[in-house]
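Each chain is listed here by its residues.
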Amino acid sequence: MSGGAMKHVLPVLTVVAAIIALWYAAAVGLNRAWVYDQAERAGVAPASGMALIAETWSQERPVLPAPHQVAVELVKTTFGMAPSSKRSLVYHGWVTLSATLLGFAIGTGLGILLAVGILHNRAMDMSVMPWAIASQTIPILAIAPMIIVVLNSVGLQGLVPKAIISAYLSFFPVVVGMVKGLRSPDQMQLDLLKTYNASNTEAFWKLRLPASMPYLFTSLKVGMAASLVGAIVGELPTGAVAGLGARLLSGSYYGQTVQIWAALFAAAIVAAGMVMLIGVMERRTLKRMGMAR
Amino acid sequence: MKDTASASPVIEAKNLQLVFNTNDGPVHALKDVNLTINKGDFVSFIGPSGCGKTTFLRAIAALETPTGGTLTVNGMSPDEARRKRAYGYVFQAAGLYPWRTIAGNIKLPLEIMGFSKAEQDERVARVLELVELTGFGKKFPWQLSGGMQQRASIARALAFDADLLLMDEPFGALDEIVRDRLNEEVLKLWARTGKTIGFVTHSIPEAVYLSTKIVVMSPRPGRITDVIDSPLPRERPLDIRDSREFIEIAHRVREGLRAGHGDHE
Numbered sequence: 001m002s003g004g005a006m007k008h009v010l011p012v013l014t015v016v017a018a019i020i021a022l023w024y025a026a027a028v029g030l031n032r033a034w035v036y037d038q039a040e041r042a043g044v045a046p047a048s049g050m051a052l053i054a055e056t057w058s059q060e061r062p063v064l065p066a067p068h069q070v071a072v073e074l075v076k077t078t079f080g081m082a083p084s085s086k087r088s089l090v091y092h093g094w095v096t097l098s099a100t101l102l103g104f105a106i107g108t109g110l111g112i113l114l115a116v117g118i119l120h121n122r123a124m125d126m127s128v129m130p131w132a133i134a135s136q137t138i139p140i141l142a143i144a145p146m147i148i149v150v151l152n153s154v155g156l157q158g159l160v161p162k163a164i165i166s167a168y169l170s171f172f173p174v175v176v177g178m179v180k181g182l183r184s185p186d187q188m189q190l191d192l193l194k195t196y197n198a199s200n201t202e203a204f205w206k207l208r209l210p211a212s213m214p215y216l217f218t219s220l221k222v223g224m225a226a227s228l229v230g231a232i233v234g235e236l237p238t239g240a241v242a243g244l245g246a247r248l249l250s251g252s253y254y255g256q257t258v259q260i261w262a263a264l265f266a267a268a269i270v271a272a273g274m275v276m277l278i279g280v281m282e283r284r285t286l287k288r289m290g291m292a293r
Numbered sequence: 001m002k003d004t005a006s007a008s009p010v011i012e013a014k015n016l017q018l019v020f021n022t023n024d025g026p027v028h029a030l031k032d033v034n035l036t037i038n039k040g041d042f043v044s045f046i047g048p049s050g051c052g053k054t055t056f057l058r059a060i061a062a063l064e065t066p067t068g069g070t071l072t073v074n075g076m077s078p079d080e081a082r083r084k085r086a087y088g089y090v091f092q093a094a095g096l097y098p099w100r101t102i103a104g105n106i107k108l109p110l111e112i113m114g115f116s117k118a119e120q121d122e123r124v125a126r127v128l129e130l131v132e133l134t135g136f137g138k139k140f141p142w143q144l145s146g147g148m149q150q151r152a153s154i155a156r157a158l159a160f161d162a163d164l165l166l167m168d169e170p171f172g173a174l175d176e177i178v179r180d181r182l183n184e185e186v187l188k189l190w191a192r193t194g195k196t197i198g199f200v201t202h203s204i205p206e207a208v209y210l211s212t213k214i215v216v217m218s219p220r221p222g223r224i225t226d227v228i229d230s231p232l233p234r235e236r237p238l239d240i241r242d243s244r245e246f247i248e249i250a251h252r253v254r255e256g257l258r259a260g261h262g263d264h265e
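Protein sequence lines, in the order shown, are assigned to chains A and B.
Each step along the first sequence adds one to the number in our numbering, with nothing skipped, and position 48 is 48.
Each step along the second sequence adds one to the number in our numbering, with nothing skipped, and position 204 is 204.
Everything labelled a hint here was simulated from the structure, so no lab data went into it.
Predicted, not measured: the structure shown is a model, and the values here were computed from it.
Hints should not be assumed to be uniformly reliable.
With beta-carbon atoms standing in for the labels, derived distance ranges [said to hold, decoys possible]:
(1) A:Ser199 to B:Phe20: 25 to 33 Å
(2) A:His120 to B:Ala173: 27 to 35 Å
(3) A:Gly117 to B:Ser77: 28 to 36 Å
(4) B:Thr22 to A:Val150: 49 to 57 Å
(5) B:Glu122 to A:Val15: 56 to 64 Å
(6) B:Ile177 to A:Met124: 47 to 55 Å
(7) A:Met281 to B:Gly75: 48 to 56 Å
(8) A:Met281 to B:Lys139: 22 to 30 Å
(9) A:Ser127 to B:Thr193: 48 to 56 Å
(10) B:Ala173 to A:Glu202: 24 to 32 Å
(11) B:Phe20 to A:His120: 21 to 29 Å
(12) B:Glu119 to A:Val15: 57 to 65 Å
We treat Cβ as the ideally placed atom computed from N, Cα and C, and that holds for glycine.
Sequences are here, hints too, so could you generate the full structure?
If you want it as structure tokens, here you go:
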């Protein structure tokens, strides 16, 4: 590793180490009560010192699982099981990811279409944005069960309703970003095209769309994260059948805190991976367009 | 105004008025503008900010609509002339698309106007040579200096066969040394192509050095205060700027500017 890379990695590692240390300390504080409780019921003196700490870090259902417990659970349920197993995080992760990706695709497509409509149609320009904003002020937790129920009554269940909830959350950042991006060319650039007697269509393809690319990718990153949240929320009202949302819900039913934390981390890792993937696409696209230096 | 019988007018303005309605009431951007620009002329518009020089150029390009009088470009209304792609326009900023190479930027008007791929390449090569940027076609704009970018934007305006070139303070943002060189190149270009050029500037030496006709304008309301037909020969080395004639014309331009300003200074 070169000195330059070390310079970037070191602060990150320091912060991560600090968080983990704080986490372990919090685990001791929060799980201690249970140790005392158990000792009192057994009528023995509670452990103290290192023994107490060890006990707070190794409970089956701790208030706050220690980092290594979460890590072990994460590794065990990811790599230690057949991906088809109902206990495998790969299985649940894929269920959630597939709904996320479908919802992201729908949301992105819808967002771009709406942005183009807002750009070219005055009536849409005046009317769409307030509705889009209003749609995001409704708590998704309230509307998700409605979507599931309504779609179920017309025979749609499983992937599609979750994808629609995903799309409901992810179209918004794309609309906002793309409207800004498509309007980013300044008056001079538009005047220039006017001197060529270019049509609106030509202005769109040759100027507005390329100019909007940096805005699009920023929106896609936000939209992807929102999509994942949507898919997970969409899994909650279905009765915890499958998916990371189901893992969260069943974990909370049975007090499996380690399982909840493992599912949370799985979701975070999936989200980070997807956002990084979009980042790679962004760099490649902008580089090919000559916009990255 | 002197008007030789043999020359054909490219631009004719008669009693041209242009009023902008702003929140602070109407602003008279152009008042009673009368001007004839003949084919092959190099006309500079000079005057302080707000004198309407850019507005007049934009009216010729049909980017602004006059509110009175008549204005014709090649005998047509400016908007018809725009639709027939009668002119190339160079803005103060180069305005190159950062996602296109220099060649790609020059191809932009050619693509819109429907030239064939082979013709596009041929024209790009020709105009790049004309502005002395041969070999830079594959570079992206940010890889070029400000002066080179502006040359590329001139090449873009030359790429299709408009006989009229409108330039709105094209070198305003460049330093003096680069500006001198580009002035020389614009003159060479004008001599080689025989185009009619309308050129807006703040700089007296630039206007006198380049023009066959200098239009002095003054603000509030925007109007023409003097039109000077330059006695300088068409062939102009840089050191012509030290000649007595040059200094005399520059003096007259300065007087014109001062007279226009007299009412509030």
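To see whether the hints hold, each was checked on the structure:
Checked against the hint of 25 to 33 Å, the C-beta distance between A:Ser199 and B:Phe20 comes to roughly 27 Å, which is consistent with it. Checking the proposed 27 to 35 Å range against A:His120 and B:Ala173 shows it holds: the Cβ atoms sit about 33 Å from each other. Checked against the hint of 28 to 36 Å, the C-beta distance between A:Gly117 and B:Ser77 comes to roughly 33 Å, which is consistent with it. Between B:Thr22 and A:Val150, the C-beta spacing of about 53 Å keeps the proposed range 49 to 57 Å intact.
The hinted range of 56 to 64 Å is satisfied by B:Glu122 and A:Val15, whose Cβ atoms lie roughly 59 Å apart. Judged by the Cβ atoms, the range 47 to 55 Å given for B:Ile177 and A:Met124 holds: they are separated by roughly 51 Å. A beta carbon spacing of about 53 Å between A:Met281 and B:Gly75 agrees with the range 48 to 56 Å that was offered as a hint. Restraint check, A:Met281 to B:Lys139: a C-beta distance of roughly 25 Å satisfies the suggested window 22 to 30 Å.
Separation of A:Ser127 from B:Thr193 is about 51 Å and conforms to the stated range, judged on CB atoms against 48 to 56 Å. At roughly 28 Å, the beta-carbon separation of B:Ala173 and A:Glu202 lies within the given 24 to 32 Å, and the hint holds. Between B:Phe20 and A:His120 the beta carbon distance is about 27 Å. The supplied range of 21 to 29 Å therefore holds. Take B:Glu119 and A:Val15: their Cβ atoms lie about 59 Å apart, and the range 57 to 65 Å holds.
In this structure, every one of the numbered hints holds.
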